[in-house]
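> As a plain string of letters, each chain reads:
Number of protein chains: 2
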Amino acid sequence: MQTATQAIDNGVNVTALLGAREALAQAPEAARFTWRAHCDWVMGTHSRVAVEAFHGLGETQQHRQRFTFDVDHPAVFAAEDHGPTPVEYVLVGLAGCLTAGIAAVAQHRGIQLRSIRASVEGSMDIQGILGMDPEVRNGFDDIRVVYEIDADASRAEIEALVAQSQKRSAVYDLLTNPTHVMVSVK
Amino acid sequence: MQTATQAIDNGVNVTALLGAREALAQAPEAARFTWRAHCDWVMGTHSRVAVEAFHGLGETQQHRQRFTFDVDHPAVFAAEDHGPTPVEYVLVGLAGCLTAGIAAVAQHRGIQLRSIRASVEGSMDIQGILGMDPEVRNGFDDIRVVYEIDADASRAEIEALVAQSQKRSAVYDLLTNPTHVMVSVK
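Top line first, the protein sequences correspond to chains F and U.
Position 32 of the first sequence, counted from 1, bears residue number 32 in the UniProt record's numbering, the numbering being contiguous throughout.
Position 106 of the second sequence, counted from 1, bears residue number 106 in the UniProt record's numbering, the numbering being contiguous throughout.
Incorrect hints may have been included.
[To be verified] Some chain F residues judged to face chain U by a derived CB distance under 7 Å, without partners named:
id, residue
1, 13
2, 16
3, 33
4, 64
5, 67
6, 88
7, 96
8, 118
9, 119
10, 144
[Stated by the list, open to error] Have a look at the derived ranges for each label pair, beta carbon to beta carbon:
id, chain 1, residue 1, chain 2, residue 2, range
11, U, 150, F, 131, 23 to 31 Å
12, F, 159, U, 154, 55 to 63 Å
13, F, 60, U, 11, 28 to 36 Å
14, U, 108, F, 14, 46 to 54 Å
15, F, 131, U, 115, 23 to 31 Å
16, U, 52, F, 176, 19 to 27 Å
17, F, 26, U, 66, 44 to 52 Å
Simulated from the structure, these hints should not be mistaken for laboratory data.
For glycine and all other residues, C-beta sits at the position ideal for the given N, C-alpha and C.
Work out the full structure, taking the sequences as your base and the hints as a guide.
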């Protein structure tokens, strides 16, 4: 397996990540990150949200560029559909998180990936957000992610990659466990 | 207040939403929505996620256009920063969800909005995702949203708008309450 390990390249710098882990073990304060987004209301249910910088390793870190996103409701909600709905952005984050994890774990395990596709879907009864039934929650009642992975590995190895990615995924954790959210007016 | 109510315009069609609520009360099956995203791995921690269609009101609904998003890890994680991190996409969704709710509630209450800005931040100890400490969770340990709202309303009325938006927000619910997420390999 060692020869294969050296030849494989999924584009993840595992050596750097393992180095970071050692460095952070000496300076756990540097592991405290704060991620940020800034939102400006445009009109109706349409907002524009910018992601530009975050705090980590003891200082402000700039993304390579400023990323902006339109969030809106669709035409069936009597809105203008200038962008995905808020819950679809959550699915984007979940898909990206689990997929990055699969690539990182595969690199670490010496498994060459050829392709990864994921279909993500979340079911919701909109009687919740419309305030029609207090027994119906606002969010998804269930989320399903299905992976199709082409890699130099057995099915069992591929399933193990996916399982390990789930175990270390920030967004999977955010969805499956409760987080305190404090909303205030300045 | 009635004259003001008729003149105000936040761009939210409250009449249509109230009509939808009545229609759905007669046909609750139509309120079952499924939101979708499709993810393709690019390289390393970089993926591209598309949002294009969803299911609702008994049939497939197309967004006005296909929206695509790059998700990646930043340079400090030894990655190429082709897009925001997965957790930042979750913050985008949260900001967009609460802000759309504020606009809708304000319209319903006859409050003219002039501007809404939100700063959202989530704190995380990355010892979790790096697998350094099993006591540290992978996701945010805390999320804070601060609103600055300029509107024809008292501070108490503005705070009430924000509180009502939280109460009906899908993403706020998704973060503060656990959801079942099923991940499988096809």
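> Indicate, hint by hint, whether the structure satisfies it.
So, going through the hints one by one against the coordinates:
no.: 1; hint: 13; verdict: holds, 4 Å
no.: 2; hint: 16; verdict: holds, 4 Å
no.: 3; hint: 33; verdict: holds, 5 Å
no.: 4; hint: 64; verdict: holds, 4 Å
no.: 5; hint: 67; verdict: holds, 5 Å
no.: 6; hint: 88; verdict: holds, 5 Å
no.: 7; hint: 96; verdict: holds, 3 Å
no.: 8; hint: 118; verdict: holds, 4 Å
no.: 9; hint: 119; verdict: holds, 6 Å
no.: 10; hint: 144; verdict: holds, 5 Å
no.: 11; hint: U:150 x F:131: 23 to 31 Å; verdict: holds, 26 Å
no.: 12; hint: F:159 x U:154: 55 to 63 Å; verdict: holds, 57 Å
no.: 13; hint: F:60 x U:11: 28 to 36 Å; verdict: holds, 34 Å
no.: 14; hint: U:108 x F:14: 46 to 54 Å; verdict: holds, 52 Å
no.: 15; hint: F:131 x U:115: 23 to 31 Å; verdict: holds, 26 Å
no.: 16; hint: U:52 x F:176: 19 to 27 Å; verdict: holds, 26 Å
no.: 17; hint: F:26 x U:66: 44 to 52 Å; verdict: holds, 46 Å
Every hint, counting from the list given before, is met by this structure.
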